[in-house]
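Student: The lines below spell out each chain.
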Amino acid sequence: MDSFFEFFSFSDSSIISVTIGAILLTSSSAVVGTFTFLKKKALVGDAVAHAVLPGICLAFLLSGNKNPVVLMIGAFITGWLSLVLIDVITKKSKIKEDSAIALILSVFFGIGILMLTNIQHGGNAAQTGLDSFLFGKAAALVGNDVLTFGIVAVILMVTVTLFFKELKLISFDSNYAQALGIPVRAIDLLLTTLTVLAVVTGIQAVGVILMAAMLITPAAAARFWTNDVKKMTFLAAFLGGISGLVGAYVSYVAPAMPTGPWIVLIISGLALMSFFFAPGKGVISRFIEQRKLQNQIMDENLLKALFHLGEKDKNLFEARTTEDILSRRYFPIKKLTDTLTRLKRQGFLTSQNSHWKFTEIGKQKGQRVVKLHRLWELYLSKYVKIAPDHVHEDAETIEHIITPELEAQLEHLLEYPEQDPHAENIPY
Amino acid sequence: MKIEAENPAVEFHDLTVSYHKKPVLWNIDMTLPKGALIGIIGPNGAGKSTLIKSAMGLLPLGSGYVRMFDHKLDEVRDQISYVPQRESVDWDFPTSVFDVVLMGRYAKLGLLKRPRKADKEMAMSCLRKVGMEGYIDRQISQLSGGQQQRVFLARALAQEADLYFMDEPFAGVDAATEAAILSIMQEMTAQGKTVIVVHHDLQSAAEYFDWIVLLNMRLVASGPIEEVFNNELLQETYGGKLTVLAEVGELVRKRQIPSREKY
Numbered sequence: 007m008d009s010f011f012e013f014f015s016f017s018d019s020s021i022i023s024v025t026i027g028a029i030l031l032t033s034s035s036a037v038v039g040t041f042t043f044l045k046k047k048a049l050v051g052d053a054v055a056h057a058v059l060p061g062i063c064l065a066f067l068l069s070g071n072k073n074p075v076v077l078m079i080g081a082f083i084t085g086w087l088s089l090v091l092i093d094v095i096t097k098k099s100k101i102k103e104d105s106a107i108a109l110i111l112s113v114f115f116g117i118g119i120l121m122l123t124n125i126q127h128g129g130n131a132a133q134t135g136l137d138s139f140l141f142g143k144a145a146a147l148v149g150n151d152v153l154t155f156g157i158v159a160v161i162l163m164v165t166v167t168l169f170f171k172e173l174k175l176i177s178f179d180s181n182y183a184q185a186l187g188i189p190v191r192a193i194d195l196l197l198t199t200l201t202v203l204a205v206v207t208g209i210q211a212v213g214v215i216l217m218a219a220m221l222i223t224p225a226a227a228a229r230f231w232t233n234d235v236k237k238m239t240f241l242a243a244f245l246g247g248i249s250g251l252v253g254a255y256v257s258y259v260a261p262a263m264p265t266g267p268w269i270v271l272i273i274s275g276l277a278l279m280s281f282f283f284a285p286g287k288g289v290i291s292r293f294i295e296q297r298k299l300q301n302q303i304m305d306e307n308l309l310k311a312l313f314h315l316g317e318k319d320k321n322l323f324e325a326r327t328t329e330d331i332l333s334r335r336y337f338p339i340k341k342l343t344d345t346l347t348r349l350k351r352q353g354f355l356t357s358q359n360s361h362w363k364f365t366e367i368g369k370q371k372g373q374r375v376v377k378l379h380r381l382w383e384l385y386l387s388k389y390v391k392i393a394p395d396h397v398h399e400d401a402e403t404i405e406h407i408i409t410p411e412l413e414a415q416l417e418h419l420l421e422y423p424e425q426d427p428h429a430e431n432i433p434y
Numbered sequence: 003m004k005i006e007a008e009n010p011a012v013e014f015h016d017l018t019v020s021y022h023k024k025p026v027l028w029n030i031d032m033t034l035p036k037g038a039l040i041g042i043i044g045p046n047g048a049g050k051s052t053l054i055k056s057a058m059g060l061l062p063l064g065s066g067y068v069r070m071f072d073h074k075l076d077e078v079r080d081q082i083s084y085v086p087q088r089e090s091v092d093w094d095f096p097t098s099v100f101d102v103v104l105m106g107r108y109a110k111l112g113l114l115k116r117p118r119k120a121d122k123e124m125a126m127s128c129l130r131k132v133g134m135e136g137y138i139d140r141q142i143s144q145l146s147g148g149q150q151q152r153v154f155l156a157r158a159l160a161q162e163a164d165l166y167f168m169d170e171p172f173a174g175v176d177a178a179t180e181a182a183i184l185s186i187m188q189e190m191t192a193q194g195k196t197v198i199v200v201h202h203d204l205q206s207a208a209e210y211f212d213w214i215v216l217l218n219m220r221l222v223a224s225g226p227i228e229e230v231f232n233n234e235l236l237q238e239t240y241g242g243k244l245t246v247l248a249e250v251g252e253l254v255r256k257r258q259i260p261s262r263e264k265y
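Chains F and S are the protein sequences, given in the same order.
Take 7 as the starting number for the first sequence in the numbering used here and just add one per residue.
Take 3 as the starting number for the second sequence in the numbering used here and just add one per residue.
Worth flagging that the hints you see were computed from the coordinates, not collected in a lab.
The structure displayed is predicted, hence computed values, not measured ones.
Glycine is no exception: its CB is placed at the ideal position from the N, C-alpha and C atoms.
Misleading hints may appear alongside valid ones.
What the hints assert, rightly or not - Derived EDC-like pairs (lysine to aspartate or glutamate); straight-line CA-CA distance at most 16 angstroms:
1) F:Lys171 x S:Asp212
2) F:Lys46 x S:Asp94
3) F:Lys318 x F:Asp330
4) F:Lys45 x F:Asp104
5) F:Lys46 x F:Glu103
6) F:Lys236 x S:Asp139
7) F:Lys388 x F:Glu421
8) F:Lys287 x S:Asp94
9) S:Lys131 x S:Glu189
10) S:Lys4 x S:Asp164
11) F:Lys45 x S:Asp94
12) S:Lys24 x S:Glu252
13) F:Lys371 x F:Asp395
14) S:Lys74 x S:Glu189
15) F:Lys46 x S:Asp92
16) S:Lys4 x S:Glu189
17) S:Lys36 x S:Glu13
18) S:Lys131 x S:Glu162
19) F:Lys350 x F:Glu306
20) F:Lys237 x S:Asp139
21) S:Lys110 x S:Glu123
22) F:Lys45 x S:Asp92
23) F:Lys363 x F:Glu306
24) F:Lys45 x F:Asp137
Stated by the list, open to error - If we take Cβ atoms under 8 angstroms as the criterion, some of the chain S residues that face chain F in the derived model are:
25) Tyr108
26) Ala109
27) Val254
To be verified - Okay, the calculated bits of chain F under chain S, using three or more residues with CB under 8 angstroms as the criterion:
28) 16 to 27
29) 178 to 184
30) 350 to 362
Given the sequences, and given the hints that come with them, work out the whole structure.
Tutor: Right, dumping it as structure tokens:
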């Protein structure tokens, strides 16, 4: 706990720089990744992330030191090369894009690991820490490195902001963009460059192996909460930033621990939470929506059954027992009593000694369902030309979903008919 | 049967287009009149969409050229608008109806510029024209097929172009939308704009268009509807593919021969 307060008081200037660095890296990757995600290029991001490893090793071998700028240039070159090769393979051979991506990813990563192992056994003292590019090490972000990576991260975010309109358009409808005369190829190239740059900077905190998650997961999580690209981009940056913050903290508390897996676990946790809890699109929200719908159907079926009973006895406001209701239509007993209680609570029924009776508004509701059912049956037989003995099942479903506007349309179209195809009266 | 238009809006000159190395359009050569509502008609796989895509520069031309208002496409691009097929985009994309229509203004704005108030009002007025002003904040995935098509039309209208290429604007729309779209098109042509529409329903084609292009891998006919919309020519368009033409196309693809020799 002490380390928690120590870290979050930001008393140590190195803590501040590590934290700012990690947040900038993760959120800038998330911003660029939003468009990688929207263009459905997630796998390409993964390939680039793995393909930068040989570049880093090569840059180290050639320069003999770990100057971040030199390493970044190396990483950038092989990252780019991998994309060009994927493109060439897809266009010039019969190999499809997914296979080309898998091929390039493994070949480049294989070469990278080979070189890294070689360097580590080469006895060069300067190599220590190079392996932190595999799984990331936020704590290694100190001094000038933070500045370098920070600047790149800011450049990424500013570029996306400047070209936001175009990036959005080519992600949605690139044919139309081209027809408008927007330089689609150039913007595509820009996005590719941004992706490679995001990977190159992000690997410091996350590492090459898990970098793709950092590009894609924040956007995927953000997508659950909003239907607007702009908000989605901001949210992705925010969620990415949170995971970066946690990564920096872990790196501070447990220096031996690689930060990449932590960052990825946090952002995946956030994505999972979005999956469950997001309003509208989340699983729980959809479940609640379904439950509501089921309750509504149950309510309407019960009110309809009561209305049918009343129609038969010519007394709509007669008090009925559950047995009476069950004689008209089968309901599971538990559901039946639950629904009766609910309808009473909502003011559609009253009850006395387990006898249930319509209130005025309850009667109207039941009557409307019966009316919709019969109108729909009539519509089906009259306009869709379905035999009268085949229309009931369909009407059982449709009666629950017809809106007041459609109801008015049906009434108008059928000219307020008196009877349905089974010669039953349509109540108004 | 080919009738040339005087002072044409579009000129296709000996156009040949290949798709994945397979020629799908052979030697299309025709001129289309200004201010007309023009229907491109033909069976599935006749190359109707390919024809307008290549006119818009979305597909590489094997040979020949297309000129609009007697200029190259790039010189008059701001006068030309394109409505892609509705299925060509992902309607689950996180954006609103209004934002999609605003995209029609992007070319006028240029890079790095944000939409101005005037652009937004233009987008709004185009949405009103297609009867979608009540849906501006709606997420596009919640639209019906007809509404999606109206949005695409509004986006094209926002370009304020003089020549419109529309790929199947009547596909999968309800009767009300079809009528609404048609009346907008008629209004456009009345204002002297040229509207070129890929269409697949013969029945309505006879009522909708002033000028008809009959296409089946090659140009069967092009001319005013009363001259070319007859049984004989329709028979020629729909009466089976020219098998030899299709087979030669397949051969070209297999052998990877460029459709025109280049040195």
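Student: Next step is simple, just say for each hint if it's right about the structure.
Tutor: Going down the list of hints, with the structure as the test:
Distance hint between Lys171 (chain F) and Asp212 (chain S) is unfulfilled; the C-alpha atoms sit about 38 angstroms from each other, more than 16 angstroms. Distance hint between Lys46 (chain F) and Asp94 (chain S) is fulfilled; the C-alpha atoms sit about 12 angstroms from each other, no more than 16 angstroms. Restraint check for Lys318 (chain F) and Asp330 (chain F): the C-alpha separation of about 12 angstroms stays at or below 16 angstroms, so the hint holds. Our distance criterion of 16 angstroms between C-alpha atoms is met by Lys45 (chain F) and Asp104 (chain F), whose separation comes to about 15 angstroms.
Our distance criterion of 16 angstroms between C-alpha atoms is met by Lys46 (chain F) and Glu103 (chain F), whose separation comes to about 12 angstroms. About 14 angstroms separates the Cα atoms of Lys236 (chain F) and Asp139 (chain S), which keeps this hinted pair within 16 angstroms; it holds. Between Lys388 (chain F) and Glu421 (chain F) the alpha-carbon distance is near 12 angstroms, which keeps this suggested pair within the 16 angstroms criterion. A hinted pair counts as satisfied when its Cα atoms are at most 16 angstroms apart, and Lys287 (chain F) with Asp94 (chain S) qualifies at roughly 12 angstroms.
Only pairs whose Cα atoms come within 16 angstroms are accepted, and Lys131 (chain S) paired with Glu189 (chain S) is accepted, the gap being roughly 11 angstroms. For the given pair, Lys4 (chain S) sits about 24 angstroms from Asp164 (chain S) by alpha-carbon distance, which is inconsistent with the 16 angstroms threshold. For the given pair, Lys45 (chain F) sits about 12 angstroms from Asp94 (chain S) by alpha-carbon distance, which is consistent with the 16 angstroms threshold. Restraint check for Lys24 (chain S) and Glu252 (chain S): the C-alpha separation of about 6 angstroms stays at or below 16 angstroms, so the hint holds.
In summary, the hint linking Lys371 (chain F) to Asp395 (chain F) is not supported, as the alpha carbons are separated by about 26 angstroms, beyond the 16 angstroms threshold. Only pairs whose Cα atoms come within 16 angstroms are accepted, and Lys74 (chain S) paired with Glu189 (chain S) is rejected, the gap being roughly 27 angstroms. For the hint linking Lys46 (chain F) to Asp92 (chain S), the alpha-carbon distance of about 11 angstroms falls within 16 angstroms, and the restraint holds. This hinted pair does not check out: Lys4 (chain S) and Glu189 (chain S) have alpha carbons roughly 27 angstroms apart, beyond 16 angstroms.
Only pairs whose Cα atoms come within 16 angstroms are accepted, and Lys36 (chain S) paired with Glu13 (chain S) is accepted, the gap being roughly 11 angstroms. Between Lys131 (chain S) and Glu162 (chain S) the alpha-carbon distance is near 13 angstroms, which keeps this suggested pair within the 16 angstroms criterion. Proximity of Lys350 (chain F) to Glu306 (chain F) is assessed by CA-CA distance (about 13 angstroms); at most 16 angstroms being required, the pair is judged to hold. Between Lys237 (chain F) and Asp139 (chain S), the direct Cα distance comes to roughly 14 angstroms. Compliance with the 16 angstroms bound is thereby established for this hinted pair.
Between Lys110 (chain S) and Glu123 (chain S), the direct Cα distance comes to roughly 14 angstroms. Compliance with the 16 angstroms bound is thereby established for this hinted pair. Restraint check for Lys45 (chain F) and Asp92 (chain S): the C-alpha separation of about 10 angstroms stays at or below 16 angstroms, so the hint holds. At roughly 15 angstroms between alpha-carbon atoms, Lys363 (chain F) and Glu306 (chain F) fall within 16 angstroms of each other, so this suggested pair holds. This hinted pair does not check out: Lys45 (chain F) and Asp137 (chain F) have alpha carbons roughly 32 angstroms apart, beyond 16 angstroms.
For the restraint placing Tyr108 (chain S) at the interface with chain F, the shortest Cβ-Cβ distance is roughly 6 angstroms, inside the 8 angstroms limit, so the hint holds. Nearest Cβ of chain F to the Cβ of Ala109 (chain S): about 4 angstroms, under the 8 angstroms cut. The hint holds. Hint status for Val254 (chain S): violated, given a least beta-carbon distance of 17 angstroms to chain F, over 8 angstroms. A stretch counts as covered by a chain when three or more of its residues have a beta carbon under 8 angstroms from one of that chain; for the stretch 16 to 27 of chain F and chain S the count is 0, and the coverage is violated.
Judged by the Cβ-Cβ criterion of 8 angstroms, the stretch 178 to 184 of chain F is covered by chain S as claimed, because 6 of its residues qualify and three suffice. Counting residues of the stretch 350 to 362 of chain F whose CB lies closer than 8 angstroms to any CB of chain S gives 0, so the stated coverage by that chain is violated, three being the minimum.
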